[in-house]
Amino acid sequence: MTQNILEMRSITKTFPGVKALSDVTLEVARGEVHAICGENGAGKSTLMKVLSGVYPHGTYDGDIVFENEVVEFKDIRDSEAKGIVIIHQELALSPYLSIAENIFLNNEVKGPLGLIDWNKTNLEAKKLLARVGLDEDPVTRILDIGVGKQQLVEIAKALSKEVKLLILDEPTAALNDADSDHLLDLILHLKEQGITSIIISHKLNEIKKIADSVTVIRDGKTIETIRRVDVSEDRIIKGMVGRDLENRYPDHTPHIGEEVLRVEGWTAHHPQDVNRVMVDNVDLTVHAGEIVGIAGLMGAGRTEFAMSLFGHSYGSRISGKVYKRGVEIKTRTVDEAIRNGIAYATEDRKMYGLNLIEDIKRNISMASLRKLVRGGLVNDNEEYKVANEYRQSMNIKSPTVLAKTGQLSGGNQQKVVLSKWIYADPEVLILDEPTRGIDVGAKYEIYTIINRLASEGKAIIVISSELPELLGICDRIYALSEGRITGQMPVSDATPEALLKLMTLEKQR
Amino acid sequence: MSDTAVKTPEKKPGFQLPPTLSYIVSDLGKNGIFLALIAVVVLFSITTNGILLRPQNISNLIVQNGYILILAIGMVLVIVAGHIDLSVGSIAAFIGAFSGVLIRDLGFPWWLAIIGALVIGAVVGAWQGFWIAYVGIPAFIVTLAGMLIFRGLALITLGNSNIGSFPEEYRALGNGFISFAGPDATIDVFTLIVGALAIVGLIVQQVRTRAGRIKYGQTVDPTVWFIAKMAFVAVGVGAFTYALATFKGIPVTLIVLAVLLMIYGIVANRTVFGRHIYAIGGNRRAAELSGVKTRSVDFWLFVNMGILAALAGLVFTARLNLAGPKAGDGFELEAISAAFIGGAAVQGGIGTISGAIIGGLIIGVLNNGMSIMGIGIEWQQAVKGLVLLLAVAFDVYNKRRAGTSTSR
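Chains L and A are the protein sequences, given in the same order.
Heads up, the first sequence is in numbering that gives the first Met the number 0, so the first residue is 0 and it goes up one at a time.
Heads up, the second sequence is in numbering that gives the first Met the number 0, so the first residue is 0 and it goes up one at a time.
Simulated from the structure, these hints should not be mistaken for lab results.
Fair warning: this is a prediction, and the values are worked out from it, not measured in the lab.
Mixed in with the good hints there might be a few duds.
To be verified - To give an idea of the interface, some chain L residues facing chain A are shown, with a C-beta separation under 7 Å as derived from the structure:
{"id": "1", "residue": "Leu112"}
{"id": "2", "residue": "Leu114"}
{"id": "3", "residue": "Ile115"}
{"id": "4", "residue": "Trp117"}
{"id": "5", "residue": "Val333"}
{"id": "6", "residue": "Asp334"}
{"id": "7", "residue": "Gly340"}
{"id": "8", "residue": "Gly352"}
{"id": "9", "residue": "Ile356"}
{"id": "10", "residue": "Glu357"}
{"id": "11", "residue": "Leu376"}
Positions of the beta carbon are idealized from the N, C-alpha and C atoms, including for glycine.
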């Protein structure tokens with residue numbers, strides 16, 4: 000008898016040609032919050048899929064001991080019946096159904112005739128929502144609430160299944176700071192109620208805040224399990240990348256040249272609700288070789304600003320002026336923006352950045368096929384060569400450029416997106432959350448690439464919700480709140496407190 | 000950078016084939032649809048006691064299925080972009096009727112009638128493309144409406160009658176042959192020469208492509224396997240043209256098809272327009288944000304489909320020497336089946352011209368083989384439906400096994 004609720008012993012999982020997990024051991028004590036850290040592709044998700052029965056018993060080697068009993072799950076339903084619930088990074092909610100319907104999906108509250116008892120469903124849902132601290136009507140449709148609240152609905156759904164072990168896969172990846180804090184508090188609150196949690200996260204400060212112990216996985220192997228007393232960010236990073244990362248942000252000496260981009264009075268309205276101002280009279284400049292940050296809370300209009308500027312890809316009734324090196328340019332279509340030397344790497348690379356069923360080569364060439372045309376035809380040998388050069392210079396980890404981008408890890412996908420835009424050879428590069436969902440090692444590589452681009456004289460705008468990142472890599476930072484620029488400061492003057500104050504500055508009403 | 004032309008596959012534990020052999024196995028796996036065509040041909044040559052492979056029947060196979068193959072070429076591009084076109088059969092009927100009116104009632108010369116018909120095909124395609132690309136109505140709805148609209152226009156054009164007896168030159172499109180053999184000759188030397196040129200041309204093109212790839216350090220077929228493939232192509236094309244030479248010569252339909260195959264093969268793989276079709280099908284939003292003019296691509300895709308549907312209508316009308324109200328009935332389903340049997344993905348982004356052609360040929364051989372065996376039309380329908388289902392199921396299974404299906 001042990002105090003461990005879960006022991007995974009010597010788990011080995013092989014895919015054709017790849018050993019994803021090799022002799023991995025995980026011990027989770029009852030009632031703790033246990034964090035799992037590791038670079039993308041280290042095997043964290045695979046391990047959780049083994050645990051939750053996505054990979055059924057028999058497809059892996061090793062034992063899973065849950066509540067002192069060896070378990071052999073055939074599918075997710077099996078593991079849920081035992082009280083193990085996994086909440087994936089991409090939420091599995093049906094947008095057009097209500098909160099209550101989602102909570103009890105496939106677990107419906109039935110009346111005597113086997114028909115769904117809607118009154119009871121909504122009542123029970125209300126109770127569960129109260130437990131997760133969500134004050135919403137259970138009949139509200141999922142698409143009408145924000146992603147932070149959706150996350151809470153997922154947890155309410157897990158509670159409805161009488162969860163004993165809750166697994167959260169990067170739960171705060173898409174949340175703003177306030178929502179993240181609420182979620183983390185909730186996890187601690189659930190811990191008091193006796194629910195054990197496993198949390199997979201890249202955010203080391205979060206882990207430090209809530210985890211009782213941390214298991215570090217690297218290259219499909221357990222590196223170590225660190226107990227609370229020892230948890231320090233540097234220790235975790237060292238375990239994850241297998242080396243000391245002295246500095247999480249590479250050194251960068253700015254060589255700032257002439258003004259490349261100037262935006263004046265940029266205004267954009269909501270695409271449907273055309274009277275709602277989303278980007279309000281934004282003025283902004285970027286110089287050659289300069290890395291400019293845009294800090295703002297979720298919903299401040301960061302992405303909306305960038306996308307409306309980039310070929311009017313977002314919004315309606317867009318107005319304002321754009322100058323490149325003092326000459327006014329138009330950016331009414333994406334093609335026009337690219338021709339005028341502007342590139343925008345999206346925050347959501349899977350949805351908007353990559354063709355996941357296509358290979359690396361064709362993704363890199365997608366925005367600049369014209370460059371490869373010889374005599375009216377695309378030269379595919381040249382395309383291969385170009386892609387291969389980027390694969391090497393950007394350190395994209397794949398055997399060849401013919402690998403499908405859908406099979407790459409987040410960091411490598413991001414490198415493909417960056418390669419695409421670097422190959423388009425823009426003068427202004429807008430990077431929206433360039434390191435979202437990427438592990439520490441790959442982040443460092445991305446920062447190095449950004450620095451290199453700046454030193455080549457490109458004007459760079461970085462949008463990020465992580466203040467330390469902006470403070471670590473930018474030369475100058477703008478703060479955005481409710482669609483307005485509320486201030487700017489050189490990085491030497493900037494502090495998280497000063498920026499947060501500007502980011503939360505509300506409009507005078 | 001490893002400059003080896005032949006990359007040995009990664010070592011796997013356990014039993015291992017020699018690298019060349021395992022390459023061949025995986026290459027064959029990728030061309031499963033081609034193997035399926037061969038299997039179907041072998042099967043029906045046995046069940047029909049060899050009638051399937053008689054010169055006359057081989058010639059018929061091409062001529063009878065030409066219009067479906069023409070439609071399949073356009074259809075697979077439409078499907079790759081994530082759309083569908085249900086109207087092609089009706090457009091074919093309408094254009095056939097329209098060309099009849101041009102010739103019979105308005106006295107157009109045959110060549111002007113063909114050009115006029117193709118132009119109207121483009122206009123019809125532009126009409127549908129407008130609604131799909133610029134108004135944003137799903138292609139399924141627009142072309143379902145088009146199916147009714149153009150069937151209706153075909154009937155109106157015909158005025159409850161058939162139009163027949165087209166000029167010789169027009170009819171050649173559907174059942175003409177190019178042959179310089181005298182009436183007593185048993186074999187047409189001209190056809191053999193064209194066949195030989197085709198073999199040489201194909202091999203030269205393949206060798207050049209291979210040389211280019213090697214120069215750029217890309218993986219290519221191992222030499223032995225490449226030579227084996229080329230030998231197979233040479234024997235296949237040789238036997239095929241020999242069969243044609245001993246019958247009536249080269250069908251005009253085949254020439255039309257060969258030209259289309261060449262043009263569209265290049266369009267799909269080597270032009271910016273073609274690449275944009277795949278980019279849109281793979282991820283429309285990402286393509287848009289990479290500067291692809293998605294609306295314009297959608298629009299021209301349907302203009303192109305309209306022209307090909309018109310061409311198919313002309314070939315069909317020419318073959319029957321008759322423009323009738325039932326013409327083109329069900330063509331859309333055969334063309335769509337051809338594209339899917341040929342490996343196109345329902346969600347878009349995946350599909351090849353050659354795959355669609357092979358898919359169309361499989362359907363053609365099934366039709367032809369079962370007809371020779373005297374199997375009734377009712378059973379033919381059922382078998383074709385089953386083949387479509389199994390082909391796509393096999394494809395899905397294969398992708399899942401290879402782990403390439405996107406789970407999310």
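Hint check:
1. Leu112: violated, 37 Å
2. Leu114: violated, 33 Å
3. Ile115: violated, 29 Å
4. Trp117: violated, 31 Å
5. Val333: holds, 5 Å
6. Asp334: Constraint on L:Asp334 satisfied, holds at 4 Å.
7. Gly340: violated, 12 Å
8. Gly352: Cβ of L:Gly352 sits 6 Å from chain A, so the hint holds.
9. Ile356: With Cβ-Cβ at 5 Å, under 7 Å, it holds.
10. Glu357: holds, 5 Å
11. Leu376: Cβ of L:Leu376 sits 4 Å from chain A, so the hint holds.
Hints 1, 2, 3, 4 and 7 from the earlier list are contradicted by this structure; the remaining hints agree with it.
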